[in-house]
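Just so you know, the sequences run in chain order A and B. The first sequence: position 42 = 42 (my numbering), numbered continuously. So my numbering is basically just the index in the second sequence, starting at one, shifted up by 1000.
Keep in mind the hints are simulated off the structure, nothing from the lab. Virtual Cβ for every residue (Gly too), placed ideally from N, Cα, C. No incorrect hints appear here.
These stretches of chain B come out as covered by chain A in the derived footprint (C-beta under 8 angstroms, 3 or more residues): (1) 1078-1087; (2) 1132-1138; (3) 1142-1156.
Covered by chain B, according to a simulated footprint, are these stretches of chain A (three or more residues, beta-carbon under 8 angstroms): (4) 113-125; (5) 132-141; (6) 149-155.
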Amino acid sequence: MSGAPPTGPPRLTKATQDALQGALAAEHAALWCYSLIVAFLPADQLGQAGEDSDAHMTLRTAVEKSLTDAGTPPVSAQPAYSTPQPVVDGPSAAALAVVAETDALAAWRAVVERTGNRGLRQYALDVLSAGTLRCARWRVVVNSPPAILPFPGRAGPAGPSEPAR
Amino acid sequence: MRAPIGPATSPGISRRQVLAGLLLLPPALAGCSTAPVPQGPDPLIALADAARTDAALATAAITASPNLADRVQPLVEARTAHAAALDAEVARLDPARPSTTPATTPAPAQGSATLAQVRAAVLASGEAAATAALDLPAERVGLVASVAACCNAYAEVLT
Chain A
1 MSGAPPTGPP
11 RLTKATQDAL
21 QGALAAEHAA
31 LWCYSLIVAF
41 LPADQLGQAG
51 EDSDAHMTLR
61 TAVEKSLTDA
71 GTPPVSAQPA
81 YSTPQPVVDG
91 PSAAALAVVA
101 ETDALAAWRA
111 VVERTGNRGL
121 RQYALDVLSA
131 GTLRCARWRV
141 VVNSPPAILP
151 FPGRAGPAGP
161 SEPAR
Chain B
1001 MRAPIGPATS
1011 PGISRRQVLA
1021 GLLLLPPALA
1031 GCSTAPVPQG
1041 PDPLIALADA
1051 ARTDAALATA
1061 AITASPNLAD
1071 RVQPLVEART
1081 AHAAALDAEV
1091 ARLDPARPST
1101 TPATTPAPAQ
1111 GSATLAQVRA
1121 AVLASGEAAA
1131 TAALDLPAER
1141 VGLVASVAAC
1151 CNAYAEVLT
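All chains should be modelled from the sequences, with the hints used to inform the complete structure.
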């Protein structure tokens, strides 16, 4: 596992590639969301938004490289995204961060489910754990308990359409 | 609820970077899994038992220190939900198994648990779930992955 370079393109199944494309699309969307909401967030939340945006940047770069190495063109970002609720102030900006993080959790759980590669599974599991914490911080901001989702990434009633309380 | 969540500092980042390298390895190097047909007991049974034990431990911690309730009661509810979901998945594959699980690990005595014990328990549970998730078939791994992420998140914040 030391520095041996890959000797050929990783063999990713079509299902794994599709799941990674889904994760990449979610990362693109999350980055767009953070770029939007920083204009509305109060100053004491900008550090958190910056850290989270950086984390998504790292993930986007890693997934793009994996797909490229596998011979699959990575999906591009959309020029803009529709938000479930208009972003007009600090609370609605934080609510969008919850949506972005929740969507990303679902996409990364799908990666776990659609690969048998232990290295990729471990990676996606770590992304899920880190993303659960990111999501939890924003759920605290919007006062939407429980902060830590019991089943991160699972579609359900606690999904992104849930109105922030 | 205040934000008890610490900053995502270097450990996460460095691990992510290490794993980012792993992600780029071809399967032959990263280790191809295609799990063999598992022998022995369903690994989800132990995870469900751990969820029950954690919920009991967390309840005991609240009993001992009621001021922990705000931070720990959500964990009690999450681990209780984990146990139910894992039990359901165990039962799906083995409907003949008795639904009332004989507790292999006795619940801790009421009032004896500290926050540190709860954190250590949930940290171990997260690691156990993540390890199990590496070899589970696709239709079961999502649930266990979510359980692992939830436990890991609580282990980060319960300090």
